[in-house]
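2 protein chains.
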Amino acid sequence: MESEVEENNVMANMSDVAKDAGVSKSTVSNVFSGKRSISEAVRQRVLESANRLNYRPNYFARSMVTKETRIIGLVMDSRKVKFNQYNLSFINGVLRECSSQGYRLLIDTLPSSFRNKVTQMTSEPVDGEIILDPLTVDERVEERVKSGRLMTIIGKPPRKYEAALPYVNNDNVQAAETATSYLLELGHRNILMINAVKKHTVSQDRKAGFMLSYSKRGLSPDEELIVYRDDAVSSAEFGYRTVMKWMEKFPDITAVIADTDQIALGVYRAAMELGLSIPDDLSVIAFNNDTVYPGEFHPPLTSVELNGEILGQEAAKLLIEQLVAKNKLVKQVTIQSRLVLRASCGPIKQGFPV
Amino acid sequence: MESEVEENNVMANMSDVAKDAGVSKSTVSNVFSGKRSISEAVRQRVLESANRLNYRPNYFARSMVTKETRIIGLVMDSRKVKFNQYNLSFINGVLRECSSQGYRLLIDTLPSSFRNKVTQMTSEPVDGEIILDPLTVDERVEERVKSGRLMTIIGKPPRKYEAALPYVNNDNVQAAETATSYLLELGHRNILMINAVKKHTVSQDRKAGFMLSYSKRGLSPDEELIVYRDDAVSSAEFGYRTVMKWMEKFPDITAVIADTDQIALGVYRAAMELGLSIPDDLSVIAFNNDTVYPGEFHPPLTSVELNGEILGQEAAKLLIEQLVAKNKLVKQVTIQSRLVLRASCGPIKQGFPV
DNA sequence: CTGTTAGCGCATTCAC
DNA sequence: GTGAATGCGCTAACAG
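As given, the protein sequences belong to chains P and W, one line each in that order. Residue 1 is where the first sequence starts when you use full-length UniProt numbering, and the numbers rise one by one after that. Residue 1 is where the second sequence starts when you use full-length UniProt numbering, and the numbers rise one by one after that.
The hints are simulated quantities; they were obtained by calculation from the structure and are not laboratory data. Hints should not be assumed to be uniformly reliable.
Identical copies go unnamed one by one, so any copy, or any two together, can satisfy a pair.
As the list claims (entries may be wrong) - Derived DSBU-like pairs (lysine-lysine); straight-line CA-CA distance at most 35 Å: (1) LYS199 <-> LYS19; (2) LYS35 <-> LYS198; (3) LYS80 <-> LYS35; (4) LYS80 <-> LYS117; (5) LYS199 <-> LYS160; (6) LYS349 <-> LYS198; (7) LYS160 <-> LYS117; (8) LYS67 <-> LYS25.
Could you put together the complete structure from these sequences and hints?
As structure tokens, then:
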């Protein structure tokens with residue numbers, strides 16, 4: 001009993017197994033690495049010994065000589081130490097790809113205060129990294145470019161590196177255009193666009209798509225109907241207040257495009273309070289950020305699926321491609337969004353002013 | 001130019017730095033490990049050389065000799081390859097603790113089909129692990145106990161190891177009792193309890209807390225008012241349908257306890273449709289699973305905060321304690337839930353039957 | 001306070 | 001097919 005426990009704690013190494021199986025170390029090595037074929041008899045003998053001794057090749061010793069870790073790093077925004085729900089969909093996508101290609105995922109969230117201490121200044125134990133929430137000027141990217149580390153960015157990379165770094169991103173112009181066009185086709189003309197925060201580039205892209213959709217039809221929107229989210233109140237509250245306020249000033253609004261699910265939550269409440277039926281009196285579309293499931297709205301929310309998971313998966317795929325190619329291949333992937341029709345949009349009411 | 005790029009790609013090692021700074025390898029080692037004090041002059045000289053050569057100590061080489069990785073593994077349920085939003089709060093908690101103690105987090109999600117291939121059978125590059133979503137009989141735990149690996153479990157551990165393994169868990173009995181007592185104190189007697197799925201142990205604990213609260217007051221609930229969630233429809237839909245159905249059969253229901261935020265979403269909709277005002281006609285409490293922010297309900301949802309983040313943080317803390325102590329210390333942490341009063345509950349209407 | 005030496009556990013030349 | 005050396009980059013004992 002005692003000794004059993006003892007054995008478990010002291011990890012056997014390759015020599016132990018070689019000795020036990022009566023073969024040389026390199027034979028054991030080849031059994032586990034599969035690099036050279038070993039006779040089935042010997043193979044079995046080695047595997048048995050290994051099993052009996054509870055042996056597994058040491059991850060680090062192997063990595064040290066092969067110079068690869070088969071670990072991918074996920075680098076989050078260091079200003080916050082928290083993933084949000086949209087990040088979660090990226091992660092799940094990354095995870096799916098890693099899992100299918102045999103990579104592990106390391107969350108890199110050590111504050112720079114830590115990393116800059118001399119005793120913490122180590123190389124990262126990863127083959128490459130995925131950068132989340134890139135900034136227009138991003139020192140994480142800067143630092144990695146300088147030391148020649150491999151990476152892929154999710155989102156729009158720092159302008160400086162836009163042509164030099166691989167990234168995956170949504171086509172935000174197209175996303176907004178898709179939503180807008182759908183509503184225009186239904187006959188809506190006065191569409192309230194509750195946009196992202198103004199300082200994020202995504203809001204500019206969305207505005208562009210919105211405008212583009214109108215102008216392609218020889219129309220032009222009332223720019224007063226584009227309102228930017230502000231951070232002061234919660235998303236739902238902002239959606240609610242905006243609709244309440246704008247509907248009063250522009251009573252001929254017949255449709256709303258909402259930046260996120262949560263905003264749509266507020267839009268729904270405002271509609272309810274104003275006695276507006278969705279979709280009969282008001283059509284609603286949201287850019288889906290996987291926060292509230294569209295099916296949990298009533299009526300189910302028509303949305304532009306941003307596909308966070310796909311983005312994450314593509315990012316992982318792109319990074320692993322680089323690792324295998326062992327050079328920095330610069331490839332940019334744009335994911336088109338898809339409009340998923342549910343029940344929150346309808347044609348404009350007959351007799352309404354157009 | 002050329003050579004600059006070249007230098008970046010070929011990682012310098014300790015000997016290079018030692019040579020460049022004119023000192024021995026061990027001096028360089030000590031500068032970076034901080035194990036022995038080095039004269040400031042030499043220290044600076046070494047740091048400069050390191051900086052110039054873009055040197056950082058190799059993570060794996062260090063780990064190989066120190067026998068510690070300063071990496072914690074997060075082991076998810078291998079049947080699914082996806083984190084849900086409740087998992088996310090655990091992760092954020094774990095991350096916060098890791099970040100403050102200088103540990104990295106490795107997501108372990110490789111399918112066992114992969115891990116069982118001989119060429120993939122390596123030791124895990126972690127010092128210890130946190131197990132998510134434990135099952136009543138869990139082979140992940142089984143396997144780790146056998147090989148003597150350190151771990152901490154979030155949730156209720158397999159019965160077999162309940163006394164032998166460290167874990168952190170909510171006090172689900174207390175959580176349900178708190179919610180129920182609050183409503184009973186407000187005068188409610190007919191409380192609809194929309195419970196978790198029956199096969200999960202949590203639903204039994206919640207039922208126990210519910211019953212306990214009544215019996216402490218010499219009351220006893222109508223057990224028909226305890227209904228278990230089923231997986232057939234979405235959470236919100238289930239909440240909606242249940243309230244619609246039960247209110248018809250038991251029109252004297254004046255309060256609802258909902259298993260999750262999403263269910264509460266459906267409860268709110270049902271109330272709206274039945275013309276019931278919250279909280280005047282119907283009080284609502286939910287166990288908060290961080291899915292929809294309570295403030296995004298209208299009126300804001302009173303809830304029992306399950307504190308997923310705290311759970312995650314405590315789990316990490318517990319695991320790191322073990323790592324430092326270098327032995328399996330068995331300690332179990334129970335987190336009490338807190339009732340957060342918002343605006344969805346009120347006293348029972350006067351004149352109502354009690 | 002600094003330098004020398006010997007491994008950590010493995011993969012990878014080579015010979016056989 | 002198999003086995004004996006060499007070294008990956010580092011830390012930890014030494015000795016000076």
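Going through the hints against the structure:
In this assembly of identical chains, the alpha carbons of LYS199 and LYS19 never lie at most 35 Å apart, being 65 Å within a copy and 49 Å across copies at closest. When the C-alpha separation of LYS35 and LYS198 is checked against a cutoff of 35 Å, the pair qualifies neither within a copy, at 55 Å, nor between copies, at 50 Å. When the C-alpha separation of LYS80 and LYS35 is checked against a cutoff of 35 Å, the pair qualifies only between copies, where the shortest distance is 32 Å, while the shortest distance within a copy is 44 Å. In the homo-oligomer, the alpha carbons of LYS80 and LYS117 lie at most 35 Å apart inside one protomer (20 Å), although the nearest pairing across protomers, at 38 Å, exceeds that limit.
When the C-alpha separation of LYS199 and LYS160 is checked against a cutoff of 35 Å, the pair qualifies only within one copy, where the shortest distance is 18 Å, while the shortest distance between copies is 54 Å. Only within a single protomer do LYS349 and LYS198 lie at most 35 Å apart by alpha-carbon distance; the minimum there is 32 Å, versus 46 Å between protomers. Proximity of LYS160 to LYS117 under the C-alpha cut-off of 35 Å is restricted to the intra-copy arrangement: shortest distance 29 Å within a copy versus 43 Å between copies. In this assembly of identical chains, the alpha carbons of LYS67 and LYS25 lie at most 35 Å apart whether taken from the same copy (20 Å) or from different copies (21 Å).
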